[in-house]
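Enquirer: In order, the protein sequences belong to chains A and G. Numbering follows the working numbering, with no gaps: position 20 of the first sequence is 20. Numbering follows the working numbering, with no gaps: position 44 of the second sequence is 44.
These aren't lab readings, by the way, just hints derived from the structure by calculation. Among the hints, a few may not be true.
[Said to hold, decoys possible] Here are the computed distance ranges between Cβ atoms for each label pair: (1) G:Thr-182 to A:Leu-112: 28 to 38 Å; (2) A:Ala-178 to G:Arg-133: 18 to 28 Å; (3) A:Ala-20 to G:His-71: 54 to 64 Å.
These figures come from a predicted structure and were not determined experimentally. No residue lacks a Cβ here, since even glycine has one placed at the ideal position from N, Cα and C.
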Amino acid sequence: MSAAAEERDARAPWALTAPALMLFVGVLLIPLAMTVMLSFHDWGQYKGIEPVFILKNWHEIATDPYYAEMFWRTFRIAILTTLLTALLGAPEAYILNRMSGRWKSFFLLIILGPLLISVVARTLGWALLFGGNNGLVNKLLMSAGLIRSPIPFMFTETGMVVALAHVMMPFMVLSVWAALQRLDPQIENAAMSLGAGPATIIRRIIMPQIMPGVLSGAIIVFSLSASAFATPAIIGGRRLKVAATLAYDEFLNTLNWPLGAAVATLLLVALVFIVVGSNALIERRYAEVFR
Amino acid sequence: MAYLELDRVAKQFGAQTVVDDFSLSVGKGEFISFLGPSGCGKTTTLQMIAGFLDPTRGAIRLEGKDLTAIHPAKRGLGIVFQSYALFPHMTAAENVAFGLEMRNVPRSERAERVRAALAMVGLAGYEDRHPRRMSGGQQQRVALARALVIKPSVLLLDEPLSNLDAKLREEMQIELRQIQRTIGTTTILVTHDQNEAMSLSDRIVVMSQGRIEQIGSPQETYEKPASAFVSQFLGKTNDFAGAIDRSVAPAQLMAGSWSVPAPPGLNGPVTVSIRPERIGFGDAGLGAKIVTRIFQGNHWLFQCESECGPAIVIRQNDGKAQPVEGEAVRLTWRSEDMSVRARDVA
Ligand SMILES: Nc1ncnc2c1ncn2[C@@H]1O[C@H](COP(=O)(O)OP(=O)(O)OP(=O)(O)O)[C@@H](O)[C@H]1O
Ligand SMILES: [Mg+2]
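Construct the entire structure; sequences and hints are all you get.
Expert: Given below as structure tokens:
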């Protein structure tokens with residue numbers, strides 16, 4: 001092959017991916033870089049944004065315990081949501097997978113159906129059911145005399161975790177479902193023929209094999225919950241802020257863009273570290289099952 | 001007394017009868033093959049013995065005890081699946097040890113038995129490998145070791161060799177037979193490969209569409225096929241349309257210009273079937289013309305057009321001159337080499 005042709009061959013992949021690459025750079029990398037830069041700018045009530053390089057915002061985040069508490073709350077909610085979806089979603093996917101044809105597609109539709117409805121609508125639904133004295137469920141339970149005061153749901157972390165878990169459940173179920181599809185259809189029979197009971201089969205044979213699915217589902221749910229906006233905004237409002245709602249407030253209410261950018265950047269960096277780190281751990285731990 | 005007994009077992013899926021009227025008694029230590037084309041119900045029958053499926057009708061007994069009343073986990077049978085169904089997250093040794101763990105075998109004895117089982121299938125030194133890092137043949141051996149280590153009363157093999165290439169399959173056949181002879185486990189093998197069934201088993205159960213066509217030793221089923229299906233399925237065969245004429249004395253069996261004194265019993269239209277290697281070329285017999293002649297090393301294969309349709313003849317390459325293509329010949333055979341069955345005239 002001539003040198004010119006070789007050079008053309010080497011350039012071809014770049015040329016072919018150029019449109020997508022340009023879109024990626026244009027709508028993702030550039031705004032991202034600008035956000036990071038913004039976080040180093042100064043801001044004052046009257047002077048607005050000043051394009052200088054200072055560490056004021058980062059210093060504020062690092063020293064003011066308000067931010068530590070808020071980030072800790074964000075990740076606590078994300079972790080609890082992840083645990084809840086894993087505990088409910090994995091058995092759900094397993095049971096679903098064992099159902100026979102018609103029921104299987106029916107229930108799969110029920111589980112995936114929420115994906116078609118806006119997160120806002122779904123979260124508002126929870127608010128209608130549990131929101132204060134007027135919440136439907138609270139009213140029913142109170143008039144039945146089962147509870148004296150309404151179950152606290154709005155502006156609570158519990159409420160946020162429950163609503164987020166509902167929103168995130170399809171991702172966990174789908175991820176475990178995919179892992180279940182890779183199982184040998186005879187694997188349970190094989191374990192049974194060797195003398196294993198149902199509980200042992202689930203614990204020793206099924207669980208270790210779907211664990212990678214549960215963990216990758218957990219990564220998706222965790223990162224989506226930690227950066228979720230709509231649900232925390234509706235359930236937590238101004239009273240119970242998480243990283244995403246705080247950044248939003250700084251941008252649109254206080255108009256302190258640089259501080260909002262610093263919060264957003266920190267959330268992004270923390271998430272990237274957590275996701276990449278746990279992904280590497282999982283891949284090492286489950287090398288045998290993944291291959 | 002029969003060790004394992006299937007008594008008029010039947011299985012229906014909805015309205016479809018997949019296995020019907022299946023009766024078989026297996027002696028202790030016997031090697032039985034279920035042989036039949038795809039979809040004839042071999043796996044279904046095996047799964048009923050294993051307990052993964054419940055028979056619709058009939059009984060399955062092991063040493064006189066009703067097996068269907070026992071939960072599959074308690075039956076103590078060893079099963080090798082077509083896909084092997086090894087546990088991918090466990091090493092070879094852990095796979096083999098699993099059945100012993102379930103039986104609460106003490107750790108030290110367990111390790112010893114696992115080691116011995118893996119050595120028996122020729123996998124000493126592979127204890128710590130995971131199945132995904134093993135070849136198909138090695139995985140197959142792990143599956144066999146896992147089934148045998150629990151000292152099963154019956155070993156059930158569902159097409160264990162079908163995923164292997166021809167050479168490895170032959171090696172594993174020999175090995176399987178040797179292992180089975182050494183430890184004497186009663187074995188049922190499901191296969192659709194007639195050579196495999198013939199070279200391994202004491203008896204073959206030939207199945208077609210959920211029914212037993214014939215039960216017999218490999219020789220019996222090959223040489224005295226009970227039905228047209230069996231003779232077609234087990235190796236090549238020539239079927240000639242003939243007739244028995246009892247209006248003359250002595251009664252005659254005829255096919256084309258060939259005729260012999262008729263065997264007792266049958267009358268009217270019959271099918272005469274003869275294996276290709278039992279046909280010779282002679283001076284008198286069924287008229288035929290050689291269409292093609294193929295040299296295959298130790299034998300010659302002739303495709304002929306006879307008076308009663310196409311025929312195949314196989315002759316040993318014994319160094320003698322053989323007829324050439326286009327030559328007119330007469331096909332002869334000994335009367336003990338043919339089987340005669342009544343023929344339906346449509
Ligand atoms: N769960 C089921 N529901 C309905 N029909 C079934 C079911 N399992 C098997 N069958 C049918 O029963 C028949 C026999 O199946 P089986 O698996 O026993 O065949 P086989 O002899 O093992 O074939 P192969 O050599 O292809 O494995 C097939 O026609 C199949 O379609
Ligand atoms: Mg089968």
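Enquirer: So, for every hint listed, does it hold in this structure?
Expert: The hints, checked one at a time:
1. Between Thr-182 of chain G and Leu-112 of chain A the CB atoms are about 55 Å apart, so this pair departs from the stated range of 28 to 38 Å.
2. Remark: the range hint 18 to 28 Å for Ala-178 of chain A to Arg-133 of chain G is upheld by a beta-carbon distance near 23 Å.
3. As the Cβ distance of Ala-20 of chain A to His-71 of chain G is approximately 57 Å, the hint placing it in 54 to 64 Å holds.
Of the hints listed earlier, the one the structure fails to meet is number 1.
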